[in-house]
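Taken in order, these protein sequences are the chains called A and B. Going by the numbering used here, the first residue of the first sequence is number 1, and it counts up by one from there. Going by the numbering used here, the first residue of the second sequence is number 1, and it counts up by one from there.
Derived by calculation from the structure, the hints in this document are not laboratory data. Treat each hint with caution, since some may be false.
[What the hints assert, rightly or not] Cβ-to-Cβ under 10 Å is the rule here; a few derived chain A residues that face chain B: (1) Arg83; (2) Thr98; (3) Leu100; (4) Val221; (5) Ala222; (6) Ala223; (7) Ala227.
The structure displayed is predicted, hence computed values, not measured ones. Even for Gly, the Cβ is constructed at its ideal location relative to N, Cα and C.
The chain contents come next:
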Amino acid sequence: MGVTTRVRLAGLELSGVSVSIDGRPILRDITASAPSGLVTGLLGPNGAGKSTLLRIIGGITAPDAGTVAIDGTDLAALPRRERARRIALLEQNATPSTDLTAREVVQLGRIPHRRGLLSPTDAPSVDAALAAAGATDIAERHWHTLSGGQQQRVQVARALAQEPGVLLLDEPTNHLDVHAQLSLLRQVRGLGVTAVMALHDLTLAAAHCDRILLLDDGCLVAAGTPAEVLQPATISAVYGVDCDVLTNPRTGHPVIVFS
Amino acid sequence: MRGPRRRVSHAAALLGTIVALLIVCCVAITIGPADIRVGDVLASVAGHLGLPVAAVPPLTDTIVWELRLPRVLTAAAVGAGLALSGAVMQSVTRNPLADPYLLGLSSGASLGAVAVLILGVGIMLPPAAFAGALLALVASLAIARAGGAITPGRAVLAGLAIAQLAGAATSFIIFWSAKGDSYREILNWLLGSLAGSDWSTVAISGIALAVVGTALVLAAPRLDAFTFGDTAAASLGINVEATRWLLLTGVALLTGAMVAVSGAIGFVGLILPHVVRSVTGPGHARMLPLTVVAGALFLVIADTLARTVFDPRELPVGIITAVIGVPVFVLLFVRKRGATWA
């Protein structure tokens, strides 16, 4: 993606993050980092706490204990709007309540930057975000006429319009076909932003993430490069499945096959 | 890009609707049994504002200044307030079928009003209706909150419960104690009517619109943030809980004031936002101002029809808004099938 948006690279540090919801512990004492400019994959079985961790990093859920720091600044100390200018979140399966055009969806990303009703500086940021996400040609289309892959690209553009230092993505490849999955992940990587991305597909994660955090039942069980984390014994212990890890002959990335 | 061009045309649409509203108000005042011309209307208003104009005959002046002008102004303020309340309610609850009465406000107001009309409780009708609406709001929000955070779905269900309860209480009072002509008076009020308008109703509805309405219009960017739901709004830097409380309370105050002067006029708050949205698109900064003016225009026209179609008998304006509103509603529904309306 040759077009640059104004992205301030930022790294994340989580220390001792714990949270319970309705008395049930969801995350226990998570200490981890997401280095600046890299794509960090968040893996784990259903219910491991991936989405909750993303919500905590995004400042939507407050942790019971522990801190999240963005470039050394405690997230809890930041005003909401300032936080929204630094961290953008792509939810799973987001649908709008009204029939917006793609451009109008991307304009929502400018809300944290707005002062008063009129903000004349928005248009260049919106255009740049659309271009960076490869969505310029569908900018005037209505949301409900877009394919799943196009909708995700528009969501990426919306997040980029926030001009965040960190991009959070909650299972962005859900419901997408293989081509759309690959193009979305390549695109996220091509943006050069700090990204934390919850994923289900281990092989996709191995190919498109620089670092992996593996969660199981609210605990961080492994962290490191894909090759370090995605070992047959680790996967077997966390997911309860038997697998082998091969090497992709063309890319050299780990490929996980189940038996 | 279409951005700038569209903004000009939106400004033009808003300006055009405002001009239409002013013209329709003047014309509406001339319509009725007495022979009044637009010139008389302007002269009477100018005279009361202290401008040096030729005096209008006293009878004409009384009809314009004491009867028809307050009625038209009340209709305009109530229409504007209801349309705005409906638009905000639809956005806050992310429900295209939401209207200003969603939290049981109209039923609460009706209970208060009927209690005054029948039981002869020694207070004026508008304060009683307003108190009923606020009581319904507080009860709805308390129920919605009882099990945790207020979500749109819980608010709707709680409002439904309160509306049913207040409705039953209203029916009971009518069944138990209404006699003779009081049925007609009650029905008139329940269906919504502007027949009781005077300068005090202008003051109540006008002040509510100026204060609460302005605040709601200024909240427009926050409403945009709710388009993709609560989590998306929070990730855009919005304090979701506090914003929802404030907006719901604002809508309730505005609607309560409108119901207090006119009864529960239906369909304005449900239909107008959809019609305006189809012209401006869903962005609230453009949509809300036009909704305010269009709501005023619509209700002035509907009320003028209500008092003239079966002249000398007058219909409750709620019947007119329903007769116009239902076909428009069905049309929008059919056109939008498969898009946003699940």
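Results of checking the hints against the structure:
A cut of 10 Å between beta carbons decides the hint on A:Arg83: the least distance to chain B is about 6 Å, and the hint holds. Here the hint on A:Thr98 is kept, as its CB sits about 4 Å from the closest CB of chain B, short of 10 Å. For A:Leu100, the interface hint holds, since its Cβ comes within 10 Å of a Cβ in chain B; the closest pair sits about 6 Å apart. Taken as an interface hint, A:Val221 does not check out: its beta carbon lies about 27 Å from the nearest beta carbon of chain B, beyond 10 Å.
Look at A:Ala222: its Cβ only gets to about 28 Å from chain B, farther than 10 Å, so that hint breaks. Here the hint on A:Ala223 is broken, as its CB sits about 25 Å from the closest CB of chain B, past 10 Å. Interface restraint check for A:Ala227: the shortest CB-CB distance to chain B comes to about 32 Å, outside 10 Å, so the restraint is violated.
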